[in-house]
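*Asks:* Heads up: the protein sequence lines correspond to chains S and A, in order. Going by the working numbering, the first sequence runs without a break in its numbering and finishes at 893. Going by the working numbering, the second sequence runs without a break in its numbering and finishes at 605.
Hints are computed from structural coordinates only; laboratory data are not their basis. Be a bit skeptical, because a hint or two may be false.
Listed below are several chain S residues computed to face chain A (Cβ distance under 10 angstroms; list not exhaustive) [stated by the list, open to error]:
no. : residue
1   : Glu-25
2   : Arg-27
3   : Leu-31
4   : Ser-37
5   : Ala-42
6   : Arg-46
7   : Ala-67
8   : Val-70
9   : Thr-74
10  : Gln-77
11  : Asp-744
Every value quoted in this text rests on a predicted model; they were computed, and no experiment measured them. A virtual CB, placed ideally from N, CA and C, is assigned to each residue, including glycine.
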Amino acid sequence: MKFPWGDGEKRKKELNEEIASHLQMAARDREARGESPAQANEAARREMGNASVVQDVTHDQWAWTWLEDLLQDLRYGARSLRKNPGFTMIAVLTLALGIGANTAIFSLVNGVLLRPLPYAQPERLVGTTQYYPKGPLVVMRQQSHTMELVGVSDNKEFNLTGTGDPVRLIGNSVSADFFSMLGAQPAMGRTFHDGEDQPDKDRVVILSRALWEERFNADPNIVGKWITLEGEGREIVGVMPADFRFPSPKTELWVPLHLDPRNTGDYWGDSYMALIGRLRPGATLQQARAELKTMRPLVLAAYAWRMPTNSFVDSSVVSLEEAIVGDARGKLLILLGAVSLLLLIACANVANLLLARATTREREVAVRVALGASRWRILRQLITESVLLSLLGGALGLGVAFSGLSILKAALPPDTPRLADVALDGQVLGFTALLAILTGVIFGLVPALGASKVDMTATLKSGGQRSATGGNHRASKLLVVGEVAVSMILVIAAGLLVKSLWILSGTSPGFRPERVVTARITPNESFCEVPGRCLAFYNELLERMRALPGVRDVAAVNGLPLGGGAEIFPIVVEGQPTPEGAKVPMFWEKIITPDYLSIMNIPLLRGRGFSEADAAPEAQAVVIVSKSTAEHFWPGKGAVGEHIRAKWEPNVWRTVVGVVGDVREYNIRSDSASWIDGVMYAPYGPHAIRGSGADAPPAEMTLVIETADEQVQIAEELKNTVASLNHDVPVSQISPLKSWVAEAMAEPRSTSALFAVFAGLALLLGAVGIYGVISYSVAQRTREIGIRMALGARRKEVLLLVVGQGAKLALAGVAIGIAGGLMLTRLMSGLLYGVHATDPATFAAVAVLLMFVALAACFIPARRAMRVDPMVALRYE
Amino acid sequence: MKQRYQNRIELLQGTLDLLVLQTLRWGAQHGYGIALAIRANSGDILQVDTGSLYPALHRLERRKLIAAEWKTSENNQRVRVYRLSAAGKKKLASERSRWAQISQAIAGILGPAGEGSEA
Chain S
17 MKFPWGDGEK
27 RKKELNEEIA
37 SHLQMAARDR
47 EARGESPAQA
57 NEAARREMGN
67 ASVVQDVTHD
77 QWAWTWLEDL
87 LQDLRYGARS
97 LRKNPGFTMI
107 AVLTLALGIG
117 ANTAIFSLVN
127 GVLLRPLPYA
137 QPERLVGTTQ
147 YYPKGPLVVM
157 RQQSHTMELV
167 GVSDNKEFNL
177 TGTGDPVRLI
187 GNSVSADFFS
197 MLGAQPAMGR
207 TFHDGEDQPD
217 KDRVVILSRA
227 LWEERFNADP
237 NIVGKWITLE
247 GEGREIVGVM
257 PADFRFPSPK
267 TELWVPLHLD
277 PRNTGDYWGD
287 SYMALIGRLR
297 PGATLQQARA
307 ELKTMRPLVL
317 AAYAWRMPTN
327 SFVDSSVVSL
337 EEAIVGDARG
347 KLLILLGAVS
357 LLLLIACANV
367 ANLLLARATT
377 REREVAVRVA
387 LGASRWRILR
397 QLITESVLLS
407 LLGGALGLGV
417 AFSGLSILKA
427 ALPPDTPRLA
437 DVALDGQVLG
447 FTALLAILTG
457 VIFGLVPALG
467 ASKVDMTATL
477 KSGGQRSATG
487 GNHRASKLLV
497 VGEVAVSMIL
507 VIAAGLLVKS
517 LWILSGTSPG
527 FRPERVVTAR
537 ITPNESFCEV
547 PGRCLAFYNE
557 LLERMRALPG
567 VRDVAAVNGL
577 PLGGGAEIFP
587 IVVEGQPTPE
597 GAKVPMFWEK
607 IITPDYLSIM
617 NIPLLRGRGF
627 SEADAAPEAQ
637 AVVIVSKSTA
647 EHFWPGKGAV
657 GEHIRAKWEP
667 NVWRTVVGVV
677 GDVREYNIRS
687 DSASWIDGVM
697 YAPYGPHAIR
707 GSGADAPPAE
717 MTLVIETADE
727 QVQIAEELKN
737 TVASLNHDVP
747 VSQISPLKSW
757 VAEAMAEPRS
767 TSALFAVFAG
777 LALLLGAVGI
787 YGVISYSVAQ
797 RTREIGIRMA
807 LGARRKEVLL
817 LVVGQGAKLA
827 LAGVAIGIAG
837 GLMLTRLMSG
847 LLYGVHATDP
857 ATFAAVAVLL
867 MFVALAACFI
877 PARRAMRVDP
887 MVALRYE
Chain A
487 MKQRYQNRIE
497 LLQGTLDLLV
507 LQTLRWGAQH
517 GYGIALAIRA
527 NSGDILQVDT
537 GSLYPALHRL
547 ERRKLIAAEW
557 KTSENNQRVR
567 VYRLSAAGKK
577 KLASERSRWA
587 QISQAIAGIL
597 GPAGEGSEA
């Protein structure tokens with residue numbers, strides 16, 4: 017290594033001269049003592065040795081010393097790590113786990129929460145926290161001075177017919193200026209023109225790149241061609257690039273909103289959608305929020321009917337990122353917190369290993385101090401070593417992160433926002449490197465400070481006997497207590513989640529999922545506009561299905577429970593007028609054929625179920641309500657015989673004829689969304705109420721087919737039967753009801769699985785930590801134990817002595833862990849179900865588990881202590 | 487002669503620095519002179535290896551503990567002369583007390599053993 021310090025050549029020449037003059041003087045002195053000139057020269061040279069080596073070595077003193085010191089430290093560190101392969105392996109693996117898990121979760125957090133949205137000036141993009149129908153959107157677009165607002169519907173399904181087999185595509189209705197507001201450019205063709213969201217101008221569609229490639233063979237001349245969506249012709253005007261994934265990665269096509277004020281139900285009552293926008297130049301988020309409040313009365317005044325005065329009162333404007341990520345933020349941050357705790361445990365463990373080693377290295381350090389090494393130099397050496405260790409751990413951790421991330425992405429529910437954007441990238445690599453170095457400095461500092469303070473005289477004086485410096489040992493005990501406490505918190509968190517999952521999987525969703533196969537039957541919406549056509553189609557389909565072998569019974573519903581969908585509308589309960597300003601009750605309506613309740617095993621509690629006669633046009637309009645709906649609106653009266661109507665149909669009262677058990681309609685945790693006040697069932701037919709205000713029953717239905725046993729395969733027969741009735745009707749999502757239920761459990765399951773993994777690692781690392789400290793202390797106390805045994809202590813007493821020492825540490829850790837858990841688990845109460853964040857049973861069980869693991873970890877060194885031979889122990893010292 | 491050979495001690499790095507600084511306390515000196523002085527003052531026991539001396543001198547110069555300049559000797563020869571800097575004086579004081587500690591410590595270890603073997 018030669019980094020000449022300035023004028024290197026000149027220095028070399030001078031050095032040459034200096035050595036030469038040394039030789040001359042030495043030779044002259046020898047001559048003066050009587051040697052011949054030749055002898056004297058020869059002897060002086062021999063004495064000097066290899067002059068050029070001397071010059072080289074001397075010249076090297078001028079090299080760039082800090083770098084040289086660093087390299088020397090690194091070489092030294094590498095050598096000392098190689099000398100202790102066991103220590104190095106455990107430390108590197110521990111760190112790899114800690115750093116790897118953190119990197120994986122950080123990638124996720126980075127991709128979902130931190131990375132800016134891939135649109136022009138993403139920091140100016142905003143969204144409202146509540147959904148609005150089309151009418152309010154149009155009003156606010158006209159009024160707002162702070163925002164350029166557009167509407168984006170949730171994912172909807174569209175039948176594509178006329179190009180091969182009929183297929184079901186996922187698309188979104190958007191305002192005409194949706195693309196230009198985001199600043200997104202098409203890959204081909206154009207985006208929508210202004211005004212294309214008006215009736216009669218909206219026969220256009222834009223395709224996603226994936227759809228264009230898969231369904232249209234990447235046809236370069238696709239723009240300008242017409243396709244049939246939901247029975248309507250639409251012109252393809254553009255194709256978006258592959259990285260445009262808004263509002264969801266599933267989106268295959270975009271159509272303009274259909275803004276038709278004449279369709280009052282749809283325009284004002286249904287069609288709730290997300291509003292997003294861009295702040296106008298100079299406007300701030302605060303101004304936009306304030307403006308949203310001032311626009312609210314104008315929006316309500318524009319309604320054709322009187323809206324409750326508190327409608328939309330909770331809506332606010334947030335950054336678009338926040339609007340997209342929503343609930344996922346809390347969960348991700350909790351995960352990030354959990355893995356940081358894991359890293360903390362890993363650090364504590366490695367610090368402990370280093371501490372233990374530092375004590376055995378005291379003499380090495382003392383010798384180096386004696387040889388003139390400064391304290392700073394030794395500190396730097398020790399920290400270099402720990403950073404080297406953590407960099408190794410970080411490199412391995414990247415591998416852990418890489419595989420961890422792919423497992424994570426597969427395990428997380430696919431509807432996690434922005435999951436497709438998540439990857440290990442430069443930013444994440446930087447994070448890992450920083451984490452590794454920081455980790456190294458942090459866990460290296462304590463032991464290094466301790467070691468560099470070594471009292472040289474005392475250490476050298478004490479000769480062969482190791483002096484367990486009290487400070488180091490106290491530090492390592494503290495580390496173990498902290499480690500146990502942090503493990504405790506993680507294991508409690510995992511315990512609470514696992515208990516939630518267990519309770520969840522034990523609770524009945526309100527229906528029986530066994531031996532039921534479901535399938536989506538999706539004629540075009542216009543199919544039902546001919547009165548009676550849809551009813552006849554489904555009656556015929558159900559009739560033919562019942563005749564199939566293995567099929568016991570079959571029924572249809574407009575959406576499966578657990579978030580499969582329902583009609584939504586405001587209702588009026590007879591005799592219970594909504595007070596001025598109060599919220600109008602919102603109902604979910606499940607539209608069913610008569611056998612649905614019996615196939616799903618939803619119990620009829622009072623009154624009667626539906627029959628074929630209820631679907632007749634001349635029949636009286638009847639409904640069935642769920643148990644909790646009945647109790648909420650007609651407490652103690654039983655509900656049967658009461659009347660309700662849709663808000664916009666003043667004269668069509670519907671009679672409640674039955675009450676059935678509650679069903680998990682919303683998701684696996686709750687029967688209905690917080691803003692829904694009741695669940696009712698209506699017979700499939702002309703009397704079904706449509707949220708959109710349409711007269712016809714819904715075209716899209718889900719079949720529930722009860723089979724003789726789980727093995728019955730009916731997919732082919734089902735498709736053939738549907739095709740024999742109508743070639744243009746797609747059949748999709750044929751799957752057992754059980755897997756639909758399992759899918760609903762996926763999100764809580766993946767969260768608890770992640771936490772269980774973290775907790776398992778924490779437990780393992782905690783056990784290793786306790787084991788390390790106790791075995792170290794046993795090694796230190798061999799002599800003391802020997803003396804005790806020589807004085808008559810029994811083996812059992814020695815065992816208790818050692819285990820007791822570990823138990824004390826573990827107890828302290830558990831106590832602190834419980835206190836920490838009480839404070840921290842509250843943060844995750846949103847993820848829990850059926851169990852309180854401070855559930856005493858979980859806390860107690862985890863405390864017992866941790867104590868058990870800790871004692872088991874102490875047991876191995878304790879047995880070693882028990883076997884100490886007093887004679888050997890005493891002589892050894 | 488045998489005894490002489492055994493007494494040729496490999497000087498430890500920190501120790502040589504200390505000896506150089508101590509030697510320069512009596513006045514500026516060139517490398518050869520320093521080597522001679524150390525040998526003479528140790529009763530010929532410590533022979534400074536040239537291969538260690540010059541690196542040590544340049545290392546000390548680099549750390550500004552000593553300063554060097556070219557002079558002409560009484561034999562009319564150009565020599566590089568070193569003298570102690572202020573920082574060097576301070577360092578010398580601290581190194582001396584450290585050395586006292588070490589030798590005390592080592593004596594403490596060796597003391598009883600040495601008596602034992604003599605007895």
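*Asks:* Output the numbers, in ascending order, of every earlier hint that fails for this structure.
*Replies:* 1, 6, 11
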